[in-house]
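S.K.: So the chains spell out like this:
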Amino acid sequence: MPNRDPSRASSAPPRREGENNDPTIVVEGGLAKTNEPVSSAVAEPEATTRRHEPHEPPRQHLPAKLFEKRTKVHNKRVDGPFRRFKWFVMFVTLAIYYGTPWIRWDRGPYAPDQAVLIDLANRRFYMFGIEIWPHEFYYVAGLLIMAALGLFLVTSAVGRAWCGYACPQTVWTDLFQHVDRFVDGDRNARIKLDAAPLGPKKLGKRAFKYTIYLIIAFWTGGAWIMYFADAPTLVRDFWAGEAAPAAYITVAILTLTTFTLGGFMREQVCIYMCPWPRIQTAMMDEKSLLVTYKDWRGEPRGSVKKAKSEPEKFGDCIDCLQCVAVCPTGIDIREGPQVGCITCALCIDACDKVMAEIGRPRGLIDYATLDDCKKEANGEATRPPWKALLRPRTVAYFLIWGSIGFAMLFALGVRSHVGLSVTPDRNPPYILMSDGSVRNSYTLKLRNMESRPRDMEIALQGLPDAVMWIDTTGRDGAARKQIKTVPADQVLAVRAYVIAPPGTDTDDFSFRLTSRDEQKESVETKARFDTPKVGE
Amino acid sequence: MVNKRIDGPTGTETVGHEWDGIEELDTPMPRWWLWTLYLTIVWGIVYVILYPAWPLVDKATEGMLGWSSRGELAKEMSVVDQGRVTMREELSRIPIERLPENSKMFTQAVAGGRSAFQVHCSQCHGSGAAGSQTLGYPNLNDDDWLWGGDIKAIEYTLINGIRAPGVEKTRASIMPPFDGVFEPVQLEALVNHVLSLSGRGSRNALGAQTFQDNCSVCHGTGGEGKRELGAPRLNDAIWLYGSSREQLRNQILKPKMGRMPHWGDRLDPVTIKMLSAYVWSLGGGEEFVEVAADSAVKVDAEP
Numbered sequence: 000m001p002n003r004d005p006s007r008a009s010s011a012p013p014r015r016e017g018e019n020n021d022p023t024i025v026v027e028g029g030l031a032k033t034n035e036p037v038s039s040a041v042a043e044p045e046a047t048t049r050r051h052e053p054h055e056p057p058r059q060h061l062p063a064k065l066f067e068k069r070t071k072v073h074n075k076r077v078d079g080p081f082r083r084f085k086w087f088v089m090f091v092t093l094a095i096y097y098g099t100p101w102i103r104w105d106r107g108p109y110a111p112d113q114a115v116l117i118d119l120a121n122r123r124f125y126m127f128g129i130e131i132w133p134h135e136f137y138y139v140a141g142l143l144i145m146a147a148l149g150l151f152l153v154t155s156a157v158g159r160a161w162c163g164y165a166c167p168q169t170v171w172t173d174l175f176q177h178v179d180r181f182v183d184g185d186r187n188a189r190i191k192l193d194a195a196p197l198g199p200k201k202l203g204k205r206a207f208k209y210t211i212y213l214i215i216a217f218w219t220g221g222a223w224i225m226y227f228a229d230a231p232t233l234v235r236d237f238w239a240g241e242a243a244p245a246a247y248i249t250v251a252i253l254t255l256t257t258f259t260l261g262g263f264m265r266e267q268v269c270i271y272m273c274p275w276p277r278i279q280t281a282m283m284d285e286k287s288l289l290v291t292y293k294d295w296r297g298e299p300r301g302s303v304k305k306a307k308s309e310p311e312k313f314g315d316c317i318d319c320l321q322c323v324a325v326c327p328t329g330i331d332i333r334e335g336p337q338v339g340c341i342t343c344a345l346c347i348d349a350c351d352k353v354m355a356e357i358g359r360p361r362g363l364i365d366y367a368t369l370d371d372c373k374k375e376a377n378g379e380a381t382r383p384p385w386k387a388l389l390r391p392r393t394v395a396y397f398l399i400w401g402s403i404g405f406a407m408l409f410a411l412g413v414r415s416h417v418g419l420s421v422t423p424d425r426n427p428p429y430i431l432m433s434d435g436s437v438r439n440s441y442t443l444k445l446r447n448m449e450s451r452p453r454d455m456e457i458a459l460q461g462l463p464d465a466v467m468w469i470d471t472t473g474r475d476g477a478a479r480k481q482i483k484t485v486p487a488d489q490v491l492a493v494r495a496y497v498i499a500p501p502g503t504d505t506d507d508f509s510f511r512l513t514s515r516d517e518q519k520e521s522v523e524t525k526a527r528f529d530t531p532k533v534g535e
Numbered sequence: 000m001v002n003k004r005i006d007g008p009t010g011t012e013t014v015g016h017e018w019d020g021i022e023e024l025d026t027p028m029p030r031w032w033l034w035t036l037y038l039t040i041v042w043g044i045v046y047v048i049l050y051p052a053w054p055l056v057d058k059a060t061e062g063m064l065g066w067s068s069r070g071e072l073a074k075e076m077s078v079v080d081q082g083r084v085t086m087r088e089e090l091s092r093i094p095i096e097r098l099p100e101n102s103k104m105f106t107q108a109v110a111g112g113r114s115a116f117q118v119h120c121s122q123c124h125g126s127g128a129a130g131s132q133t134l135g136y137p138n139l140n141d142d143d144w145l146w147g148g149d150i151k152a153i154e155y156t157l158i159n160g161i162r163a164p165g166v167e168k169t170r171a172s173i174m175p176p177f178d179g180v181f182e183p184v185q186l187e188a189l190v191n192h193v194l195s196l197s198g199r200g201s202r203n204a205l206g207a208q209t210f211q212d213n214c215s216v217c218h219g220t221g222g223e224g225k226r227e228l229g230a231p232r233l234n235d236a237i238w239l240y241g242s243s244r245e246q247l248r249n250q251i252l253k254p255k256m257g258r259m260p261h262w263g264d265r266l267d268p269v270t271i272k273m274l275s276a277y278v279w280s281l282g283g284g285e286e287f288v289e290v291a292a293d294s295a296v297k298v299d300a301e302p
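Going down the list, the protein sequences come from chains A and B. Residue 0 is where the first sequence starts when you use numbering that gives the first Met the number 0, and the numbers rise one by one after that. Residue 0 is where the second sequence starts when you use numbering that gives the first Met the number 0, and the numbers rise one by one after that.
Isolated chain B (complex conformation) (with noise of 0.2 angstroms):
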């Protein structure tokens, strides 16, 4: 301030401080950076009109262009589905039971359904489609389908549900609790006949009445089950409720029966046909057989 002088090699001003001989330069700022600094006021001033920038109580000012990141990401959004149209297009014109024969867009549909399993699905049947012995959700990987495991009869419990509360062609059965009506024997003798016919139990002539008086008319003679029933297979390795003497002693008395909800007013059909075409290979999907000896392929066949 008091000291000031021009610099005699520089040739520049001092700032007018000198500590101990030394002295600084004010030297200015080189011009590129000054207009640069110039620069970037404008480039603000332009941005502030032109794009949101103060923000307000409940929003920012909407600026000129009218562009927000939701905006953009609804119009990104769109782009993804525009390229899909044609995908879901050509899916929706394929009969489901053509499907797997369709390379291309069998991959296609398993991707897509794979993401949709994850959202809509995952929650009960888990994100590997394993279930849960525990809490009765079957396992969707493996060969031991309740109600046909072909891809038309999966798709058909998908649009349904089972024992869907309100929907007239939901898959729907009903195992009668036999609390109080085995005496304890008779009921050790059931129990062990079941088990039998898996090979595990002792085969016996009480627990073959009880089952062939009982059970039969819906598991079946040999435990083989009926679908059209959604009654369990018996003699296999698979026991949704569990194997020991104890779980099945509890299903036979107070027996617990799944429920799934119906899926066919909440996602379109094309994404119901991409979950059954994902579920279906899992790697126990069956073949869709045409002609179908029993009825509950009939049943299958209407929608």
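So that you can see chain A by itself, here it is in the shape it has in the complex (with noise of 0.2 angstroms):
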């Protein structure tokens, strides 16, 4: 793609029409607009505004193809601040994804020691000291609306930061790019290898990569699986052929998948496949903090030694193309703002290091706002950058994502681990028994989610001369209160029947399960007792 002159479209004077014969540029009322992509950042800030106006767009002849070839990006290697941030988050992330299943928790005898668990069979979520039933996903759901918060946080901060670290796509697509260099060198000489006919030391090399590649697939198909149970038996399991299907199934999936979004699609998928840059574009503002190449600063370009006899008429970009070079995604930052731009800042990184052996000052690649930008453009004092990060809609996404995570830690503090739902027999709603007496039936679930057994007593509360004996009693045992011990981590379902003297009537009451324990957890849930005669 030529090189584009941004500078060209916005600061060109009001041509008389006629007068035109740049087929990019339209001139309607006296005014010069175009549909080329100009700079946000450019130093005339009418023109970029009057480029949105209405206007017929100039008549051109399509290119040949429609279809725009991948170029393969080689991307050079960097070092610089931003890189060995870029390191230190794709180690962290790395080592919580592969290493988190493996971290042991106590929680005694009858639960699984896994710090994080996905058991999908007993239908349990372990998260270290947090366990969540079914009945509780509200929680999970708590914390997926926490991470969108936190995603519409850091994008309307930083911009796109979550996609230039950390995210997987990135992480991986960064951790592929470091095999290929590991195995066929730098840019360059990857590049010679690309060309090379396929012989057998290109051979050689491209199955040693692969199968580094299908290493890494491999592993990180087989960590995925170990968050749904306990991973060393898993392991154990797998190897020895006995796992279950669904393991050895999604294992094949996310290896293959790795495989091919990390060492083959890579900034394909960001660019083409992923809709979180689309959604993110609605999210930035003119306060968001991207990565900008300051075509203010930078243009017209030129190299040194042109600009060391012309200084005035260069511009500090001296066209080295190490900010290309260095690109994951293969883009030219110069071209302004765009959807293949992942804010990874290795360009400033590279551009900060060209600016240094030049003895120019760094930032011509840097992180701003387009507000500082337009500032700096025209000469204005600018902020520096990390108080662009404090600003009304920042702290409000804060607080909201806070105030949601406080609230669901307060919930999960004060939850009570007991539960008690009361089922009554309709059919018949009530039994005559031959003393005259009647009897209701109800089916309790007392739900237990403590991790160890729990002896928790059932009890009337209302109907004051009725008792009720439990399956395991027998009528015999027929009392106002009943015992009943409720294994660990379990719901348990009790046959509870509830008798009555002759003569009573029909009334709400309920039943109370209470632990004995130290807690004396205690829940009521409310019944109705059926009889012959209505009560008034």
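For the record, the hints were derived by calculation from the structure and aren't laboratory data. Some clues are possibly wrong.
Said to hold, decoys possible - Derived pair list, reagent style DSS-like, types lysine-lysine, alpha-carbon separation capped at 25 angstroms:
(1) K200/A / K71/A
(2) K307/A / K352/A
(3) K103/B / K483/A
(4) K103/B / K444/A
(5) K480/A / K525/A
(6) K168/B / K255/B
Hints are included, so try docking the two chains, each in its own frame, into the full complex.
M.R.: See the structure below:
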């Protein structure tokens, strides 16, 4: 793609109609308009504004090919503060992903000792000290809401930082690009090897590289299933061929996706497949930090030699293309903000290094907000980038995000670990006993959310003359209270028979379930006692 | 057809039509799409050969694999049956009176009995086993048993039925019809006396005398009933055929007597065991007493 000159369109003085020979510029009502991409940070703000005004685009011949073939990205090695930060994030995220299932967490003899476990078979979700039951799935929904809000927060503050550093696609692409570099050498060596005919040396290198790809991919797929079962047991079962078919299928699918998405599709996933860049575009505003080429400082480009002979004619950019060479998505940041830019800031590292070598100030490419770009271009004072983070929108996002988190932690902290649901028998609703008393039957479900068996007391509240018995006591053991041991971490179904003397009216009452331990957790559930006699 | 030409920018042939300057490209199908189409055709042919496909008059072509959905169902059912074999075997070995002590087997038996009950028993006794007073089907949830409410007695009733014709060991008894035996005054007195047994009618000498002479042999002097004869208790709150004076009068003059089929020939012993456990578990089941005082249990002990 030819380098376009952003200053040409924006700084072109209004020309008279008829004078226009440049097909990319239309002159309407004395104003020059263009369809060409223009940097948003141009020196003349009106020009950028006018470019969105409705006008007929110039007639032009379509390119011969509507499909743009992918040119393989061979990004060059670079070092600098952002690269080091990217290394750090990569190690942390990969360590979390691969390592988390192996963290142990003692929950006593009745519960798994894996710190993070999604136990689908038993319908439990363990996360360190938190255990979530299926009926509490709203906590997971809350977690997802927090994740979404977190992305909003990050996006409005630092643009596509998620894309640039922490997104799995980015992390694994980065990892695979390091593998490329390790096996085939840096940018130039890789371009050369790609162009070389397939010989034994290239074949060997390719085989070696794809083997490493496969190992990483398999390890990634394998780590995924560890979250769903006890990790050490699963590893043993997996290699012994005794794991569930779902485990093998999942590993196979994830190996395949990691291999193709990380090894081959890479930046195409970000540019063509992922919806997030599009959503993010709507979330960023002129106060969001993004990686920007400061074209008012860099343009027009010229080599060091040319700039030396005519210093006032050329900008700071020496057109060394280092920013393009290091880009993991293969874009030219100097064309302005674009969907292909994941704001990984590696071009900042590359440019800063070049600027230091030729003795010009750093930050020709830098994190900046559009607001600051305009100010800086007009020669006004700007704020340091970190100050751009503190503004009402990010603060509001942060407060919402934080309060949801606190609310969930609070709810988790005070939630009851016992539960009682009552299902009355509806057919028949009541039973007349031979002595004239009336019996109602109920199915009680006692829930014990602690990971130890607990004795629980079921008591009648209301119905002063009634007694009850449960399936294990029989009628001889009828009393106002019954005691039942509920196994650890389970729901126990108990049949309860409540019997009331002749003449009792239909009445509401409730069952109270109390744990007989130091916690004395208690829960009450309403029920109805039906009799042939309907109370007033 | 006439104006076919190669379109410059795309290099594709047009279909030859033109509408107000708009032309349509004859873009070929993507190759992967075409190959998918061919693949589905091959798949279709293979499927027709291997599986039932063409509908004929009374059935479809069979296919080389011999697969059928009925066969599949039979296979799945047999797998389920296989899974139950151990449970059923174990259940068949446990003596019925020991079953309630074995809580795991008892739970299994009750669950199996519940579904068997819905198939075989709910037609008369109702899906909640509550019976029907108007039709005279007893409620099985309560603690009033005509012929005995321990688990073994229930099993005996299930096997042999009640007043089942042609069954030797069936539970049988007859309440004689007293139509034309009593004077109206005497009948009213008797009805009053029967009601008084459960504390509702007025006690009177004539009624007591009539009851003593005609009814006490089976129903007992105090109306406590006699299970070996299936004679109902008259001194309790439960009335199988209704407790109004009219209903009592009818029952004395033209008594209704319930019947129940014997299931010993129709159901296997394990299913009957499970049904007994279910009925016993409904809330009115009585403890089985090993050495029973009355002869009814001795009869029960035989099968």
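S.K.: Is it true that the CA of K307/A sits at most 25 angstroms from the CA of K352/A?
M.R.: holds (20 angstroms)
S.K.: Hint check: K103/B vs K483/A, CA-CA at most 25 angstroms. Holds or violated?
M.R.: holds (17 angstroms)
S.K.: Between K200/A and K71/A, is the straight-line Cα distance small enough, at 25 angstroms or below?
M.R.: holds (21 angstroms)
S.K.: Regarding the pair K168/B and K255/B, is the alpha-carbon distance no greater than 25 angstroms?
M.R.: With a Cα-Cα distance of about 21 angstroms, the restraint between K168/B and K255/B holds, given a limit of 25 angstroms.
S.K.: Does the alpha-carbon distance linking K103/B and K444/A stay inside the 25 angstroms limit?
M.R.: holds (18 angstroms)
S.K.: Quickly compare the C-alpha distance for K480/A and K525/A to 25 angstroms and report which way the hint goes.
M.R.: holds (16 angstroms)
Every hint, counting from the list given before, is met by this structure.
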